[in-house]
Amino acid sequence: MKTKWIGLAILAAVVIAAALYAFAAEKTQVTEANGYLGGEKIGLLEDEEVQDVFRSRYHLHIDYARAGSLEMITADQTGMNYLFPSNQTALELYEQVKGAPYRSEIIFNTPIVLYTRARVAEALTAQGIAQRKGEITTVDMEKLVSCIEEGRSWADIGLPELYGDVYVGTTDPTKSNSGNMFAGLLANTLCGGVADKSSVEAVLPRLQAIFQKLGYMESSSSDLFDQFLKTGVGAKPLIAGYESQLLEFAVQEPETWAQIRDDIVLLYPTPTVWSSHVCIALDETGAAVIDALLDGDVQRLAWEKHGFRTGLYDAPGDIAAFGVPGVAQEITLVAPMPDAATMDRIIQSLS
Amino acid sequence: MKKRILRLAAACLLLLTALSLCACEAQTKTRTEGAAADAVLGRGGKVLRILSGSENAALEPILEAYAKEAGLRIEMTYRGSLDIMRALSQEDLPYDAVWPASSLWLNVGDTNHRVKHAESISITPVVFGIRKSLAGNLGFVGREVSVRDVLSAIESGELRFCMTSATQSNSGASAYIGFLYALLGDPDAITLEDLESETLQAQVRSLFSGVDRSSGSSDWLKEMFLSGDFDAMVNYECLIIETNQALVARGDEPLYVVYPYDGLSIADSPLGYVDNGDDEKEAWFLALQNYLLSEDAQSAIQRTGRRSSYTGVDARNRDVFPETWGLQPDRVLSPIRMPASDVLFACLDLYQTELRKPSLSVYCLDYSGSMYGEGSEQLVAAMDQILLQENAAQHFLQASETEVNILIPFESEVLDVCTAVGNGEELEALDAVVHSLETGGGTDMYAAAAEGLRRLRDYDLAQYTPAIILLTDGQSAGSFSEFEQAYAELGADVPVFSIMFGDADEEQLRELAEYTNARVFDGREDLIGAFRSVKGYN
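In order, the protein sequence lines correspond to chains R and V. The opening position of the first sequence corresponds to residue -19 in the working numbering, with each subsequent residue numbered one higher. The opening position of the second sequence corresponds to residue 505 in the working numbering, with each subsequent residue numbered one higher.
Everything labelled a hint here was simulated from the structure, so no lab data went into it. It should be emphasised that the depicted structure is a prediction, and the values quoted were computed from it without experimental measurement. All residues carry an ideal CB built from backbone N, CA and C; glycine is no exception. Some hints could be false.
[Said to hold, decoys possible] Per label pair, the in silico range of CB-to-CB distance:
1) K177/R to G781/V: 40 to 50 Å
2) K572/V to S331/R: 42 to 52 Å
3) S650/V to D32/R: 49 to 59 Å
[To be verified] Under the rule of at most 30 Å between Cα atoms (straight-line distance), these lysine-lysine pairs were calculated in the DSBU-like manner:
4) K123/R to K193/R
5) K177/R to K193/R
6) K572/V to K620/V
7) K78/R to K620/V
8) K177/R to K123/R
9) K285/R to K620/V
The shape of chain R in the complex, shown without the other chains (with noise of 0.2 Å):
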């Protein structure tokens, strides 16, 4: 009888140490990757399937500390393997304050929209600002721009439960990426044309007085969002943001979509401008964190989960499994961003 406890005991001890060798050995396998996140994409790295294939696939574990687009460019990047923006201006920005990165790519891509509510939608359209043909509703950007530099009230348009004057909310544009692309959309309208060093100087004070009237601005695309679908219809009445956060919004929160989606009105300005995500790799870490996010099905749970269309123009599968009304196929009326110096020029005249 002693023998055999004394038996089970040493294979005990064998399972045991089994047990802690397996553990130890995942544990060395498994790199810590860690960088600054613009915030409308936290939600595609905490997805469990998403982090699963970095784990089985590239081994790893990709953390991150969020931050905008542009403050992560100068922000401190001890231990940091990676940047991960939402415009090449970042990049262009980071190759003018650091030189060339370890190495650098376009992950996926998401146009610029308005969000709104069903009432400031109607108004809008009855005012000739917005236009809704079939499902899609557009923006008229140089009307939208014309009523807001009139300053024209809410009331004026037909909501005089809202208060003060028709503006759109971004996040600040010196900070954060989908106000910095709203703020180059508002510069191409103001100049009737791509923005360009020369012609952006004649509209700068304009953009300034449009800028100014907005007062505090968040510094994330996310918690703007956030914010537009819970402080309600008077708080945030109207907000650019990108298209892909919606999306994600009614893949992860069926039910509450389900509450609010009558409600909910997602605007394409025409024309608007592509966010293209890009990551910045500062190390080798960083580089096998882009391998493992242009990894195939990383991509299609970009798309599926979150939103992000992985190519240009046509949404890379169906979007009705969405569930969003008023989502276009395929985004046509696309100007190209102010090039790095016209957005420099922007940011500082804001800042």
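Following the hints, complete the assembly by docking chain V onto the known chain R.
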């Protein structure tokens, strides 16, 4: 046989897991010792330390129920939202989560990018609550009211009100910004030039002359309101509802809620995780947050007078928002836009140094023998934080040009009385006095407080926010009746705040606080913090 071996192996594994879990818990426990929490909810081994706005005190039962079920121990530390903002920008942040009243302060404060998973838990607007009959007389019932309307009532002397400090608390800051917009004639945005206008400054000063009492936090403002005799306060809709529930329960007249359409702001109550790289804590945090956002918890939260995100107030909770109190649960909350950060901070500086009603603070400081050594060192360090303006500015506690600070060092008798007017040399001289005094003798705080009250007779108290701030570390000799007599002779509503230190008798201090509608701060863990808090109240 095979089965038995498997079972045994499984048991060993279980044991191993259990052991490693125990190790984790022990580790967690030692790490949380130190900072004292204001409320400890649940007794589990899994500790979550939350730095929260005081308005969330009303959610304690909901948090406690969850903590018990989940084996959590939730330690709530209550601070004003602006204090939370400042804590976020510090290197050392000994909390697992932050929960300020508004995401504005979270965004401005989180310069180190440590906050993750921030989600709005509920929504409540900042409103005026005015005694119902008075609101009726002022013509505020059943119509849209502007900030201008409220200001006219204050200017004509028909309305006096209480609010929290604009530099300590979100509700005070929000209301103040709303006042500025209204006085500037509702511009698109407040500019730095606007703030320099003499006319504006004079108007705001006259407005704040109608402030009866100030407070460092919204929840304590509610408590103070309930134990005093006041007409109106600026506070969160949910705290006005709580106040009314208490007023009605004791047979008093409720407050009528006024939503100023051109000066409204919203508190969105974001709960965010402070990422210190502990995956387990992150999981506990997310589970707690999920629970708070669940349908059941949201319904319970609505019953505390808060609105839910997306959907507002459910039909079954409408009874918490009675129309007879002026409540409008279906109102579209259309807030003013907050100014850009640089302008916002300029506004706050201006409030602190120029516009608020000047404070008249009497510091009664214990120099008895028991303060010798560490005690007096901490006292001196704390006073340095308040009296030296460079330090004070870091916490928006600067003195204004017209405020008065009186120092009364005491032991068994009053040692001296030193007065400083304004924020210049006289104030620095006061700090020199604090440094120069020696400790010795017994303790009689009543004599010191009574002396303070007698000194206040030299001032027109309507022009100031007066307060006595008492620091003591021991059982006091002397008698409460001496204090009581001096209080009666002064015949004014002056709070006697005290800071408990060393072996101070909490009972004695509480008696003074209750008598004067003030509060006791615990300086035993963090004396400097306690001084800062008490200073935030006036």
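The hints, checked one at a time:
1. Judged by the Cβ atoms, the range 40 to 50 Å given for K177/R and G781/V holds: they are separated by roughly 44 Å.
2. At about 50 Å, the beta-carbon gap between K572/V and S331/R stays in the expected band of 42 to 52 Å.
3. The hint said 49 to 59 Å for the Cβ distance between S650/V and D32/R, and at roughly 56 Å that hint holds.
4. Between K123/R and K193/R the alpha-carbon distance is near 18 Å, which keeps this suggested pair within the 30 Å criterion.
5. Under the criterion of a C-alpha separation no larger than 30 Å, the hint pairing K177/R with K193/R is consistent with the structure, at around 24 Å.
6. The suggested pairing of K572/V with K620/V holds, with an alpha-carbon distance near 25 Å, which does not exceed 30 Å.
7. With a CA separation close to 28 Å, the supplied pair K78/R and K620/V stays within the 30 Å bound.
8. A hinted pair counts as satisfied when its Cα atoms are at most 30 Å apart, and K177/R with K123/R qualifies at roughly 24 Å.
9. In summary, the hint linking K285/R to K620/V is supported, as the alpha carbons are separated by about 21 Å, within the 30 Å threshold.
Checked against the numbered hints above, the structure breaks none of them.
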